[in-house]
Structure formats: structure tokens, C-alpha cells
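The residues making up each chain are set out below.
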Amino acid sequence: MALIEVRDLNVHLGESHVLQGVSFEVPEGGVTALLGRNGVGKTTTLRALMGLVPRRGTVTLAGADLTREPTHMIVRRGVGYVPEDRDVFAGLTVDENLRLAERNGSPRYELVYELFPELKTRGGQRAGTLSGGQQQMVGIARALLNENSVLLVDEPTKGLAPLLVTEVAAALERAAELSTVLLVEQNLAVVARVAQQVVVLDGGRVVHAGGAKELLGDPERVRALLGVHGGQVRSDR
Amino acid sequence: MSTFILLTVTGLGLGAMYFLIASGLSLIYGLMGVLNFAHGAFLTVGAYVTWWTGTHVGGGPGIKLLVGALAGLAVGAILAALVELVLIRPLYQRHIEQVLVTVGLALALGALVEAIWGFDARPFPVPAWLVDTTTIFGARIPNDRFLEIGVALAVLLALTAFLRYTRYGLIIRAGVENRAMVTALGIDVRKAFTLVFALGGTAAALAGVLSGVYFGAVDPGRGTSLLIFAFIVVVIGGFGSIGGTAIAAVIVGLIQQYANYYASSGLGDLAVVLLLALVLLARPGGLAPKVAH
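These protein sequence lines are chains A and B, in that order. Residue numbers are given in our numbering: position 78 of the first sequence equals residue 78, and the series is strictly consecutive. Residue numbers are given in our numbering: position 100 of the second sequence equals residue 100, and the series is strictly consecutive.
If you are wondering where the hints come from, they were derived from the structure by calculation, not from laboratory data. Fair warning: this is a prediction, and the values are worked out from it, not measured in the lab. Fair warning: there could be bad hints in the mix.
[As the list claims (entries may be wrong)] Here's a subset of chain A near chain B, in silico, CB distances under 10 Å, partners left out: (1) GLY30; (2) LEU66; (3) ASP87; (4) ALA90; (5) GLY91; (6) GLU96; (7) LEU100; (8) ALA143; (9) ASN146.
The beta-carbon is built from N, C-alpha and C at its ideal position, and this holds for glycine as well.
Generate coordinates for the entire structure from the input sequences, incorporating the hints supplied.
Dropping the structure here:
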């Protein structure tokens with residue numbers, strides 16, 4: 001059964017009709033990757049699911065309609081969000097960034113510090129002075145702090161060093177054991193490692209949906225759908 | 001030397017009032033992106049409610065001032081919260097309309113005050129000990145200057161502690177940086193909007209009370225005249241920064257006093273505008289841009 005159902009999602013940003021009737025389903029459990037070339041509307045799709053941009057269409061979570069809910073209510077229904085470019089609060093410390101994300105009486109600090117021990121030692125440091133990789137850890141940690149049924153994660157490995165990419169991929173795998181993950185990711189090795197399903201966007205529409213292995217194991221289709229050259233994609237372990 | 005000390009303490013007293021008005025303006029713009037032109041009206045209403053309540057309670061001037069001030073602060077807070085809930089919230093992210101509404105509200109509240117209490121200045125209940133002077137290094141300084149400075153320092157410390165140690169303070173500091181991301185963490189940031197408006201209205205009303213003590217009277221144009229300098233303070237200090245606002249308020253108050261005395265009477269305002277131009281050229285974001293602390 002689909003946990004998230006997106007039907008005929010349309011988003012206009014200024015003059016641009018970015019999403020033109022996007023429809024797809026995210027099954028419960030595991031990782032579904034939202035793929036596509038730059039500028040096809042992947043980030044806008046996640047922002048639309050979060051209610052961060054004006055949208056038309058229907059979005060349901062476990063049958064509950066989210067379409068008219070404000071962003072904070074969508075989150076309270078159990079949707080965690082890791083935005084593109086981290087969006088940590090630069091003037092706040094790491095501890096304050098995490099404290100702000102607490103939604104109930106039992107935040108999962110043990111899990112967060114197990115995945116990212118560095119955040120414990122840097123608790124008093126202002127987030128704006130962290131490296132890009134450390135900021136990404138804060139962004140992911142904020143989403144993992146609460147029990148969520150779904151995590152929307154937008155390009156978590158963007159601009160990170162290879163070692164950090166591996167660390168973030170491991171965190172995504174762990175996150176997928178606890179929640180359903182909808183992942184926007186350009187690094188196909190990471191997608192091959194963590195995702196079971198893929199949805200491909202092009203021109204503001206869904207052009208492919210199916211198993212990750214089937215798509216990534218077919219170089220011709222990868223080239224045709226994503227414009228990526230090269231052989232079969234290997235998982236990044 | 002005594003003149004310099006008198007000018008300095010008087011400038012700090014003036015800066016204290018600028019800070020009280022500007023701190024609310026700064027947080028409101030920093031968090032919500034609302035340029036609140038009605039903020040001066042909160043000051044005027046707070047001052048008039050203080051004066052009116054003072055004339056209707058018994059006791060000496062001290063009691064009248066204290067009771068009146070409590071009523072003024074309460075009305076300032078409630079008025080500001082109502083303005084946010086009724087007029088600003090429906091216009092969320094419609095900045096032009098917000099400016100028009102706040103300008104209209106400032107005009108309407110000013111006209112209402114004039115209609116009820118007239119155009120003439122009203123004498124403020126000021127205890128004798130506040131009118132007396134204290135001599136410091138030969139300078140005879142009116143005691144009310146110390147009250148203004150002390151109250152502003154207390155408000156600065158309280159606001160800083162509120163922003164640093166409370167959950168709502170954390171939400172406001174984060175919201176000043178990135179409001180959308182705060183909502184994406186499941187936080188209803190609109191409650192913080194109302195709270196910030198109420199806090200700003202209270203601080204503005206407090207400035208109204210202190211301006212009544214400083215000038216010895218209250219008049220309908222008081223809020224507007226002080227609001228202009230408060231806006232300058234906010235721009236120099238950096239929108240959203242309480243620390244930057246405090247520093248800028250002190251600088252503006254002192255420069256006004258020094259320029260008026262050492263250069264020529266009336267040059268103080270020009271000196272402040274020149275300072276504003278210099279800061280905008282050198283640091284367009286102000287002294288401490290876009291971080292609530």
C-alpha cells in the first residue's frame with residue numbers, strides 16, 4: 001500500500017509552470033529516490049509536499065489529505081524534512097538547532113549521536129561555523145530527532161567529500177530502517193546503495209517509475225532519462 | 001567637563017528611549033518582514049493611557065506614574081497583539097498592503113487620540129525626585145535620565161535573556177534567520193509573531209511613559225517624531241539584532257546631543273542622517289545584520 005500518494009501536483013513559480021501534473025506513489029518502508037536532470041522540479045516537488053510553495057493537486061499521507069494543511073501541521077503528522085543546502089540556523093549553536101527541532105517529550109538524541117558523534121562534541125559551536133558536511137549532519141539530525149513516518153531528504157550529499165558521502169549514505173540507510181524516505185539525489189552511486197524505488201521527473205512531469213535496480217542496471221535508460229553517461233551504476237560502499 | 005557629562009548622560013537617556021522603540025521594530029521586521037509604521041502609535045497610546053490613568057487614581061505623583069505606567073504597558077501590549085491578529089496576519093507576506101495598513105493605522109490612532117484628548121500637550125505625573133538633579137563631577141543631571149537608562153538596560157537584559165534562554169526566544173532567533181525552515185520543523189511561527197508584536201507594543205508603550213517623564217508632558221505627535229529616529233536606529237543596528245539596536249541607539253542619542261551643543265542647535269538631526277548614510281555605504285546590513293541576539 002502507498003504511504004504517500006501524489007495526484008496531479010501543479011506548481012507555478014512566477015511565470016514558470018514548474019510541476020505540470022506530477023503523480024506518483026511512495027510505498028511504505030525503504031527509500032524511494034526522486035531523480036531527474038537539473039531544474040526538472042525535484043526540489044520543488046519536495047517543497048510542494050511540505051506546503052512550502054503554493055500548489056494545486058492532492059497529496060495524501062496514509063490516506064489523510066495534506067493538501068490544505070499548513071507546513072507545521074504537515075510536520076506534526078510525521079513528515080520530517082531535510083532541505084537542500086542544509087538550511088541550518090547559522091546563528092544558533094548545534095545544540096540549539098537540535099533543541100528547536102524537538103517536537104515531543106522523547107527526542108532521539110541517542111540515535112542522533114550514534115550516527116553523528118561529532119555533533120555531541122560540537123554542541124556549543126555556532127552552526128554557521130561548521131563545515132558543509134557537519135551542517136548536513138545537523139540537517140539530517142534535526143529530522144531524525146523525532147519519530148516520523150516519512151522523511152523528505154533533498155540532495156544530502158551535494159558538495160560533500162567522498163568520505164562524508166559514505167557517512168551520509170549510511171545515515172540514510174539507518175533512517176530508512178525507521179521511516180519511509182523520499183530522497184532527491186544526484187549521486188547515482190548513493191541511489192544504488194540506498195534506494196529500492198525510483199521516480200524520474202522531466203519537464204515537470206513523471207516520466208518513469210519503478211524499481212531502482214532495474215533502472216540503474218540499464219545504462220541506456222539511465223542515459224536517456226537522466227542524461228548521465230557511463231556504464232552500470234555501482235552502489236557507493 | 002561638566003557640560004560634556006551632562007550631554008553624555010542626556011544622550012544616553014535619549015538613546016534609552018530610542019532603544020525601547022527600536023527593539024520592537026527590529027524584532028518585528030527581522031522575524032516577520034513587517035515595517036510597522038504604527039509602532040509610534042503604540043508609544044503615543046501608551047503615554048496617553050498612562051497620563052489618563054494617572055489623572056484618575058489617587059495618591060502622589062509616584063503612585064499615579066506607577067499605576068498609569070502599568071495600565072499604559074498593558075494597553076500597549078494588547079493593542080499591538082490585536083493589530084497583529086486582526087490586521088497583519090491576514091496580510092502575511094503581502095508587504096505593500098502591510099505598509100499601507102500600518103501607515104493608515106498610525107494616522108487613524110493619531111487622529112483618535114487628538115479627537116479624545118485634543119491637540120494640546122498634557123502634563124505628565126512626574127514625582128519631584130525625578131525632576132531633582134544629582135551632581136556628578138560638577139554636572140547637575142536630572143534624575144529622570146538615570147531612570148530612563150536603568151529601565152532600558154533592564155529591558156535589554158530581559159530581552160537578551162528571553163531570546164537566549166526560552167523556547168520562544170529560540171524560535172524568534174531562528175525565525176529571524178529563516179522563517180520557512182522554522183515552520184518546516186513543525187513550529188507554528190504565527191504564535192511567535194503575535195508574541196513579538198505584543199513585546200514590541202509593550203516596549204513602545206514603556207518608551208511612551210519614559211518620554212512623558214523626559215519631556216514632562218505628552219502630545220499627539222510624540223510617537224511619530226520618535227519613530228523616525230527609531231527607524232534610523234534599527235537600520236544602523238541591523239534588523240533583527242537587539243544588541244545592534246542597543247549600540248545604535250546609544251550612538252544616535254549621543255551624536256544628537258553632541259552635535260546640537262558643539263556644532264549648532266538643530267544639527268543633531270542632520271548628524272544622525274549623515275551617520276545613517278555612512279553606515280549604509282560601509283555596512284548596508286547594519287552593525288549586526290539579521291541575527292537576533
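Hint check:
1. This hint is violated: GLY30 of chain A has a C-beta 23 Å from the nearest C-beta of chain B, more than the 10 Å allowed.
2. Taken as an interface hint, LEU66 of chain A does not check out: its beta carbon lies about 13 Å from the nearest beta carbon of chain B, beyond 10 Å.
3. For ASP87 of chain A, the shortest C-beta to C-beta distance to chain B is roughly 5 Å, which falls under 10 Å, so the interface hint holds.
4. Taking 10 Å as the C-beta contact cut-off toward chain B, the hint placing ALA90 of chain A at the interface holds, the least distance being around 6 Å.
5. Annotation: interface hint on GLY91 of chain A holds; nearest CB of chain B at approximately 4 Å, less than 10 Å.
6. Interface hint at GLU96 of chain A: satisfied, since its Cβ lies 6 Å from the closest Cβ of chain B, which is below the 10 Å cut-off.
7. The interface hint given for LEU100 of chain A is met, as the beta carbon of that residue sits about 5 Å from the closest beta carbon of chain B, less than 10 Å.
8. This hint holds: ALA143 of chain A has a C-beta 9 Å from the nearest C-beta of chain B, less than the 10 Å allowed.
9. Taking 10 Å as the C-beta cut-off, the interface hint given for ASN146 of chain A holds, the closest approach to chain B being about 8 Å.
Going through the hint list in order, the structure does not satisfy hints 1 and 2.
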